[in-house]
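> Sequence:
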Amino acid sequence: MKLKPKITIADHFSEMEDPRVERSIQHKLIDIITIAICAVICGADTWVEIEIYGQAKHEWLKQFLELPNGIPSHDTFARVFSRLEPKEFQNCFLNWVKSISKVVAKEVVAIDGKTLRHSYDNGGDKKAIHMVSAWATELILVLGQVKVDEKSKEITAIPELLKVLSLRGCIVTIDAMGCQKEIVKLIAQQEADYIITLKKNQGSLYKRVEALFSEALRSKYQGFTHSTNRVSESNHGREETRYYVMLSNIQNQIDPEGEWQNLQSIGRADVMRTVKGKTKIETRYFISSLPNNAKLLTNSIRQHWAIENSLHWVLDVAFREDDSRIRKDNAPQNFAVLRHIAHSLLQQNKSVKTGIKNKRLKAGWDNDYLAKVLFR
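Here my numbering is used: position 67 in the sequence shown is 148, and no number is missing along the way.
Hints should not be assumed to be uniformly reliable.
[Claimed, not checked] Computed list of lysine to any residue pairs in SDA-like fashion (alpha-carbon distance at most 20 Å, straight line):
| id | residue 1 | residue 2 |
| --- | --- | --- |
| 1 | LYS434 | SER370 |
| 2 | LYS438 | TRP394 |
| 3 | LYS453 | ILE106 |
| 4 | LYS288 | MET258 |
| 5 | LYS281 | VAL352 |
| 6 | LYS187 | SER370 |
| 7 | LYS443 | GLN429 |
| 8 | LYS143 | ALA452 |
| 9 | LYS376 | GLY250 |
| 10 | LYS438 | ASN390 |
| 11 | LYS143 | ASP92 |
| 12 | LYS244 | MET258 |
| 13 | LYS195 | ILE221 |
| 14 | LYS244 | GLY194 |
| 15 | LYS438 | ASP449 |
| 16 | LYS168 | MET258 |
| 17 | LYS288 | ASN333 |
Hints in this document: simulated from the structure, not taken from any laboratory. Computed from a predicted structure; not experimentally measured.
With the hints as constraints, model all of the structure from the sequences given.
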């Protein structure tokens, strides 16, 4: 994925419909959105902190915002973001991402979900929201996110997310929740490849894959088109060896009815971990549209789990997402978009070599650095 020149916030968020119906509106919507984005980049995690940031940076913000009545109160920020239409806010974010990025061949896009633990509201009988995100692993950029409906599961949110992404030429990786024929079809329609994890609850498909690998092992892969790859690591007293095997030309045995679009190969990963002298072995299976290339399978699966360390862990540690008490109406979902915008902008700026948490601090202290993050 290659970066294009950055576009300003106003270019993509100024057309949002203002949810306020009051006769007298004191603060422009684009000012409210821009202050919130700047504040979250600089370390603000609550509406009060966003107001305090705005007050502290009033003179600097006036250089590019109108601010006809000064800085909005924290109540105004909370009220506006609780009313903003999440899908419209998300679409503005998606359009911004598309304006600064371009998917290149074999880019791994990991799709995975995360629960915002404290976004529940007992008084309003509202459960914690669950977001499904698409993560470009090479660029380290959130391509989009969709909220999972309270009465549904990730399998309904993933198709909604796939429909708004541009994925041509990339490799989409999803855990077993995404092992659905409709999801595979949507990926194929985008002219993208897929690697999807299988679990035993997949029934006959899992059994056919497991049986074919057992047969291949017994015959020492004679008569099978296959490739292998082995990876070993040792770190802090933990040793891990992963052995990958990929079989192709398997459509007649695995999918004789052609129900899984573009199914070209199946994969097996045997993972052996030794920690404190105790060894565990785990076997995982995958279906894929990729040709026979166990090394590519290995790298793609490894990159998929980067979404945990590079996105989910960062949101929890650097943005304190799991500690957030923002709960009212659309506010939790919209604040999640604010975090993703801030995360993406900070990741793209390479002028300072440090972690996201320290980058947030520097942006709050150094207006010149924040300007680079926002506009360059």
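> Which of the listed hints are not met by the structure?
The structure breaks hints 1, 3, 16; every other hint is satisfied.
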